[in-house]
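Asker: Sequence:
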Amino acid sequence: MQLSRSQLDTLCGIAEAAGREIMDVYAGDIAAWSKDDASPLTEADLRADRVIREGLERAFPGVYILSEESSSHGVQADVFFLVDPLDGTKEFLKRNDEFTVNIALVVDGRPVAGVVQAPALHELYFAAQGLGAWRRTASGDEPLRTSRCAGDTPVRVMGSRSHGGDALAGWLSRLGREHSFVAAGSSLKFCRIAQGEADVYPRHGPTSQWDTAAAHAVLEQAGGAVLDPSGAPLRYGPGRPILNPYFMALGDPAATFPSL
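To convert, count from 1 in the sequence shown and add 41; that's the working numbering.
Among the hints, erroneous ones may be present.
Quick list of simulated restraints, FRET-style, between CB atoms [as the list claims (entries may be wrong)]:
(1) Arg186 x Ser45: 14 to 24 Å
(2) Gly206 x Ala73: 19 to 29 Å
(3) Pro282 x Ser111: 16 to 26 Å
(4) Gly217 x Pro294: 16 to 26 Å
(5) Gln43 x Ala224: 29 to 39 Å
(6) Ala118 x Arg218: 22 to 32 Å
(7) Pro247 x Asp149: 23 to 33 Å
(8) Asp50 x Pro279: 23 to 33 Å
(9) Ala118 x Ala58: 21 to 31 Å
To be clear, the hints were calculated from the coordinates, so they are not data collected in a lab.
Quick caveat: nothing in here was measured; it's all calculated off a predicted structure.
C-beta: ideal position from N, C-alpha, C; glycine also.
Starting from the given sequences, assemble the full structure and let the hints guide the process.
Answerer: Quick look at the structure:
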């Protein structure tokens, strides 16, 4: 299954509708409660999830949907949507604006299309196989392309505002190159690399498939890659745990970095 531009635009519209639900909650007092895994949940998560699920079922009938908030088991389909209706709930609760809506289409383990919307930042990232990767702002749509990372240039390392710790510090100590550290929340870390604003995002902490698939698609279509600890492309779907292995997101797939 490969999306047409019209179908990709439909995905963008669904993400934007979910973003409006999120911003409606963001404008008021935010109540949160804990899920079974102790991660936070808000009304915004649930409202966005409902809008996305209804939109996908209408536009793509029969395609399985695996969402963080409304799926209790793994996926058995080879073609399915992976959804995180509010990625970066901690950022949402901190009101730092760096939270996103993530919608990905996965075919045979690969994220072949993805939409990442940052409603508080008024940014939309979208991509599909054969259609490239794009960023939409109030000024219009612009194509995305990653930066090359030559061995003699400083490395711009992307990291999390809410995670990191000793593993990241150890990786940076082994980097052996001048570097700067750029922090961002949610799947925006992938998107910043896709824009050419950073070079690498080494992830040593836990993530779920729905956290990464949409932005993975954007980064890959912009010229980057997301690799597991063996150096193979990160994959999704049947036969794989919901929790991802550690991974490295790269703007330049030819660049060499320390192992995770």
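Asker: Check the structure against each numbered hint from earlier and tell me which ones fail, lowest number first.
Answerer: 6
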